[in-house]
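There are 2 protein chains.
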Amino acid sequence: MSLVLDPAAQDLLFREARTANTFTDEPVTEEQVQAIYDLVKYGPTAFNQTPLRIVLVRSAEARERLAPLMAEGNRAKTAAAPLVAILAADNEFHEELPGLFPHFPQAKDAFFAERPVRERSAGLNAALQAAYFIVGVRAAGLAAGPMTGFDFPGVQKEFLDDDHTPLMIVNIGKPGEDASFPRSPRLAYDEVITTV
Amino acid sequence: MSLVLDPAAQDLLFREARTANTFTDEPVTEEQVQAIYDLVKYGPTAFNQTPLRIVLVRSAEARERLAPLMAEGNRAKTAAAPLVAILAADNEFHEELPGLFPHFPQAKDAFFAERPVRERSAGLNAALQAAYFIVGVRAAGLAAGPMTGFDFPGVQKEFLDDDHTPLMIVNIGKPGEDASFPRSPRLAYDEVITTV
Chain A
1 MSLVLDPAAQ DLLFREARTA NTFTDEPVTE EQVQAIYDLV KYGPTAFNQT
51 PLRIVLVRSA EARERLAPLM AEGNRAKTAA APLVAILAAD NEFHEELPGL
101 FPHFPQAKDA FFAERPVRER SAGLNAALQA AYFIVGVRAA GLAAGPMTGF
151 DFPGVQKEFL DDDHTPLMIV NIGKPGEDAS FPRSPRLAYD EVITTV
Chain B
1 MSLVLDPAAQ DLLFREARTA NTFTDEPVTE EQVQAIYDLV KYGPTAFNQT
51 PLRIVLVRSA EARERLAPLM AEGNRAKTAA APLVAILAAD NEFHEELPGL
101 FPHFPQAKDA FFAERPVRER SAGLNAALQA AYFIVGVRAA GLAAGPMTGF
151 DFPGVQKEFL DDDHTPLMIV NIGKPGEDAS FPRSPRLAYD EVITTV
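Chains as they are written, first to last, in UniProt numbering: chain A, 1 to 196; chain B, 1 to 196.
Pulled out of the complex, with its shape left as it was, chain A reads as follows (with noise of 0.2 Å):
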């Protein structure tokens, strides 16, 4: 074997692990975001920019906001999810930098003055922290259920703000019955990978 990390960890996070569409109704606790936060914050991004903002829904008005904006097919296991996320990327993320990159501090203004730079940095790296957040929650022991099937400016409106890019929405929990899909195909490593 190739690599340093242990095979129950390996099947935790990627060979058993899998995407959710059903939950039990045991809840999510604050402490277990704390937990998950507290591990992937330290996954790496340019700059260390690390621009996700993420809001949990749990209120039931929050729920019933979000419902309509959620498209069909994912409307149901979105009200049943113990936890639902909403992911976004801060393009304002520039205001933070001289504080989360003292070696530079000037990259603030050096490479993040314009605004579409940092919409375009800020959804890259954000993107990256989504999928140290989906690991995260299931270094938790929790099954994630990412979706990007939702009306995007309209989650925008309702829960986020001009500065704040939607990216995806988590369903977060313990996976219930028939939770997934059978585990689909992947390409061979020679489809994905060359050698100049």
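Please keep in mind that the hints were generated in silico from the structure rather than gathered at the bench.
Incorrect hints may have been included.
Copies of the same chain look alike in the list, so a pair counts if it fits in one copy or across any two.
What the hints assert, rightly or not - Subject to a maximum C-alpha distance of 25 Å in a straight line, what follows is the list of computed DMTMM-like cross-link-like pairs (lysine to aspartate or glutamate):
{"hint": "1", "residue 1": "K108", "residue 2": "E158"}
{"hint": "2", "residue 1": "K157", "residue 2": "E95"}
{"hint": "3", "residue 1": "K174", "residue 2": "D162"}
{"hint": "4", "residue 1": "K77", "residue 2": "E119"}
{"hint": "5", "residue 1": "K174", "residue 2": "D6"}
{"hint": "6", "residue 1": "K108", "residue 2": "D190"}
{"hint": "7", "residue 1": "K174", "residue 2": "E26"}
{"hint": "8", "residue 1": "K108", "residue 2": "D162"}
{"hint": "9", "residue 1": "K157", "residue 2": "D11"}
{"hint": "10", "residue 1": "K157", "residue 2": "E64"}
{"hint": "11", "residue 1": "K108", "residue 2": "E72"}
{"hint": "12", "residue 1": "K108", "residue 2": "E61"}
{"hint": "13", "residue 1": "K108", "residue 2": "E191"}
{"hint": "14", "residue 1": "K157", "residue 2": "D109"}
{"hint": "15", "residue 1": "K108", "residue 2": "E177"}
{"hint": "16", "residue 1": "K108", "residue 2": "D6"}
With chain A fixed as given, assemble chain B onto it according to the hints.
Frame of chain A; chain B shown alone:
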């Protein structure tokens, strides 16, 4: 502790793993890259589209073509890294969808008939896979050095084609002397996560 992932795995993947800027000359083998791919290929993407494609830059000739396309601050470390990987998004991923997502083979035409839609989806999902790849590099006991400081159109022209958009370039190897900056601060939970 609210996490079930073994603490040693937490350290290996997140807490003690660091972005490396210098490397030892120990090679990164084909077997290691295969083991990394065989793990991280299972990370979730929308419709199992898995649009990430990777070009491993191994030959001296290819390194020479890459060097002038790197930002000056990334040139020396990219020349010295045991392995350099160009990560790209395949904007024509939909051609593989009927095989990759057998539950709903119509997805290819129903959702991804238009190129701009595919480019957006490939960009997001390849970024998720780039993060899984970085986690996988660490799972192999190696350090990653992800970079976006390079000539994107130049790298696309020299190493890819019109259907593949470069996303980032990752140096890979065992960390060398003074490989990393001191760990930078992270945002507090309450700065990132709100509850509604």
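### Query
Okay, which hints does this one fail, numbers in order?
1, 3, 4, 9, 12, 14, 15, 16
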